[in-house]
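Peer 1: Protein chains in written order, with numbering that gives the first Met the number 0: chain H, 0 to 333; chain P, 0 to 412; chain Z, 0 to 290.
Any given hint could be a false lead.
Stated by the list, open to error - Below, in silico cross-link-like pairs of lysine to aspartate or glutamate (EDC-like), each with a Cα-Cα straight-line distance of 20 angstroms or less: (1) H:Lys-24 to Z:Asp-114; (2) Z:Lys-118 to H:Glu-330; (3) H:Lys-24 to Z:Glu-69; (4) P:Lys-322 to P:Asp-304; (5) P:Lys-322 to P:Glu-345; (6) P:Lys-322 to P:Glu-82; (7) P:Lys-322 to P:Glu-104; (8) P:Lys-302 to P:Glu-104; (9) P:Lys-322 to P:Glu-344; (10) H:Lys-24 to Z:Asp-184; (11) P:Lys-322 to P:Asp-338; (12) P:Lys-322 to P:Asp-111.
By construction, these hints were calculated from the structure, which means they are not laboratory data.
This is what each chain is made of:
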Amino acid sequence: MARTTTSPPPPVSLPRISWSTRFDKLQRRFAPFVFISPFFILFAIFGLFPIVFSMYLSLQEWNPIQGLGTMRYIGLENYTWLMGDPWFWRSITNTLWIAFASGIPQHLVAIPLAFALSRGIQSFRHPLTAAYFLPYITSAVAIALVFQTIFGTQFGILNQTLQYLATAPWSAWLFGGLADSLPVNWLGRAPNIKPAISLLVWWQFFGFNVVLYAAGLATIPKDYYEAAQIDGASGRQSFFHIPLPLLRPMIFFAVTFTIIGNLQLFDQPFILTDGTGGTSQAGMTVAMYLYRTGFEWLEMGTAAAISWLLFLLIGTLTVIHFYFFGRSGLETRD
Amino acid sequence: MKKILALALAASLLAGAALAQTTLTLGLFEPLNEHVELVLPQFNALHPDVTVEIRTLGFGDHHDLLVTNLATGSGAADVVAIEIGYIARFVAEGGLRDLSEAPFEADRFADDFVDYAWAQGRTADGRQIAMPTDIAPGTLYYRRDHLEASGWTIDQVIESMDSFLDYGRELLGHGVFLVADAGSIAEGLIRSNVPAGDGIYFAADGTPQLNSERFLEAARIAQIVREEGMDAQIGAWSNEWYEAFRQGTTAVEISGAWLGGHLQTWMAPETSGLWGASNTPGEMLVSWGGSFYGIPTQTDEAKLDAAWDLVLFLTTNPEIQLKAFRTINAFPAMPVTYDDPMFEEELEFLAGQQARMLWADIANRIPGVATFPGDMIAEEIFGSAMGEILNEGRDVQAALDEAQMLIQRRIRR
Amino acid sequence: MRMTASTPRTARRNERTGRSPVGQFFLYLGLIALALLTLFPFYWMFVLSSHSQSTIFSAPPPLWFGEFLERNYNALLARLPFLRNIWNSFYIALMATITTMFFASLAGFAFAMYDFRFKRFLFAFVIGSLMIPPLLGIIPYYLIIQFLGWLDTPRAIWVPGMAGAFGIFLMRQYVASSMPRELMDAGRIDGASEFRLYWNIALPIIRPGLATLGMLTFIGQWNNFLGPLVVLNSRENYTIPVALRTLQGQIQTDWGAVLTGTSLAVLPLLIIFVFASKQVIEGLVAGSVKG
């Protein structure tokens, strides 16, 4: 202690501690609150008002171009109207379909891939990781041009490949059955739009997950593997028994983000359907419907109600995810 | 001493100029900016006290941002350009100043513009919200080589919708598609023969018309084209579309007159001389594009005079309109310009045809169509129904009845 | 930990990975095939940036470089203050990255290493904030920025997101899986302040994760479009995505120029990626602190 005093005790029976000790106690007690405070301060400034605004808005009828003063209170009408709106329900099923069809394969590919990159090979680790990550930074413009070329009906690369496979002597026995249904109108016919969008989403994001998992694998102590090696575990065994359990927090994180991100999917369906949602709105996601309702059809109140219903859907699925996997996914090392 | 005086004089002049100076912002989308940048010095010469600052955004971004700006009541440019596809949104719904009122009194210019462009910028209750600057008379571009090979004349082809379809059947025998997309025929047909006072999708009293005979007929014809294999099933603005023009796999395209300019400069330059332009089959008198200028309500009162001067300069000055035609191929909205020698030029790309005179004639004859607030959503609902009819083989009556039901649900409030 | 006790394999196997040469061959084959799939559109973007408008849209499209790069580049410079736009994007992305790395790791550290009142609730709140669809926020966002007088300034873009929930969650997971709690107690016994525990102990351990977060933040901010579109309004202040989109016209777009700009704009991201993934890979090779 820096300052020991011999003076009589103070009237109030405080424990006799020095300022520095007191500060030390204080900083230990409040440290976590201080550490997390920037988020909450910024949220109070930038996050709270938009939420209150859109909650209020969802109870109004409002055409945005008439200005803020023209809102009209209509109670829950926006919500009840949406409950009976066929396009809204279609957008919900579309979103769920695409979210699962693109989301699950992302992780099924990314986890073993990250493992293969980190433990399975010794050279080209770096360029390969970079290659997988590239779609994530490829601009939307380039993606739009490329994928419309890939999915083109007459000259599209995908159809030409299928055409070749269906007629070439070496592969006709396997793909010959396709010949009758070629060329496939990928982006024009309703049943094909969702698979096309899902493929694009998968392509764009599996590498992102590979990078997340690679970073997660980097935390696994090397001696875990060495121990396993000494015990003679095979590559497959050391995958299922070492990294997988230790990767759990990262998997939990990545899956959470896939759920939240995929349910808010906007760019990819927008690109592939030229912003329309495609035939029969087969590719219109909830986020797209929300955007079009608010900014194109100028029904901002209804759009706000859609955003809260979407929030509800995301919240429900996230809570289910946390309920089943949160215990292991959020655990800490001890 | 003299020097000092001169300096003082210069300074006071500058100060005076600075005091009277009005700075206007002008919100444009590509390619209007290319034209305005060229003619702005002329405006500055006429109005030295006004400085114009151009803000250009992407085509879609410009219109989307305008919605946000009008919503928040600030941030919009003092004068804004609006394309025809978005005009219904702004004309019928507010956010822009009523130009029929003082100090603008725009109604005096009504006779200077082609009817339909003027009507498009006007609300059903007669308020002029936007001033037209360019238009796009609808025309039929056709490949002369396919026409000759088939032994038809263009007058036979466009005589009626039936003869047009017969031409398509004839072409099938030559391995050529009639059009790229059957849907484009329906889009044209619903826009023609609209009863006076009605909008495209709504009757004068606001009742949706999506399952009226006009729509049913348009959808049936498009369906015939699709079912008999007369269209290449290629959507506009795709690689395949451009390629179809280059290789001549399709014989005609119904479009705005502007398509020729794009075919010539980048879409299919090598097909020069192979094309012709004509009236549309069965006299579908329709417009395929156009732009307008308007003044947002949030524009500062003090700037209104300058803003209006700028709008008038860009819209009511024949010389400026003709310059826009030359630089960005924007067809003028003022009939008085059609007497310019430029309209008699023989267009090399169209094998020497004097097509601009044809388009001027079409432009003068297109009837005005009223604009309704629900036009954008109605367009979407109809397009969606057409997709189901053409791509999924849905029954015309059923699809359009459902479309009518959907639009009724939408406009219920 | 469960460990399967099996018989030792032959010595031919690669010592480190435990794989046979044949297995290695097929593994590489698969990895490279997948890489081609992801590389192609990226490569193609560069190819198209060297072509004219009409060759870009020919079918089949060009697969090798053309001769229009210089023309496209000049067209780009003639129509945009391109370098200025690049600088704006760089400045905004850099500020966002530095602040996010600091604030998010600090908060993530707190959520992983401490037990405090309302922790579960506060953490759920952070996650919950991610679930709000952002599209409608654009109107209130504009109003807030206008209220603060920040219109047409870079800070309007990077300040609101500098302690984002994504980063906090990522950092929380990262700290939780890589940092043993004993280290905290050990540090405390040595008399380190709580901030020192974060700065001197946690930060070095989570370096690979931090690098990942920094990279993702930089990329996200670099490509951010909607925010800048709404609050920036002079072309000198535009960021790259907004500026490039001003070239997208009603009917015709100079795609050659757009793609040249896009290709140039992606180069800084590549550099950032290489830099960041070096940190991650080094982490991989070195392993980390023992549990």
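Peer 1: Indicate, hint by hint, whether the structure satisfies it.
Peer 2: Evaluated hints:
1. H:Lys-24 to Z:Asp-114: Given pair H:Lys-24, Z:Asp-114 holds - Cα atoms ~15 angstroms apart, limit 20 angstroms.
2. Z:Lys-118 to H:Glu-330: holds, 14 angstroms
3. H:Lys-24 to Z:Glu-69: violated, 65 angstroms
4. P:Lys-322 to P:Asp-304: violated, 24 angstroms
5. P:Lys-322 to P:Glu-345: Judged against 20 angstroms, a Cα distance of about 18 angstroms means the pair holds.
6. P:Lys-322 to P:Glu-82: holds, 19 angstroms
7. P:Lys-322 to P:Glu-104: violated, 26 angstroms
8. P:Lys-302 to P:Glu-104: holds, 16 angstroms
9. P:Lys-322 to P:Glu-344: With a Cα-Cα distance of about 15 angstroms, the restraint between P:Lys-322 and P:Glu-344 holds, given a limit of 20 angstroms.
10. H:Lys-24 to Z:Asp-184: holds, 14 angstroms
11. P:Lys-322 to P:Asp-338: The given pair, whose Cα atoms are some 14 angstroms apart, holds under the 20 angstroms limit.
12. P:Lys-322 to P:Asp-111: holds, 17 angstroms
Checked against the numbered hints listed earlier, the structure breaks hints 3, 4, 7; every other hint is satisfied.
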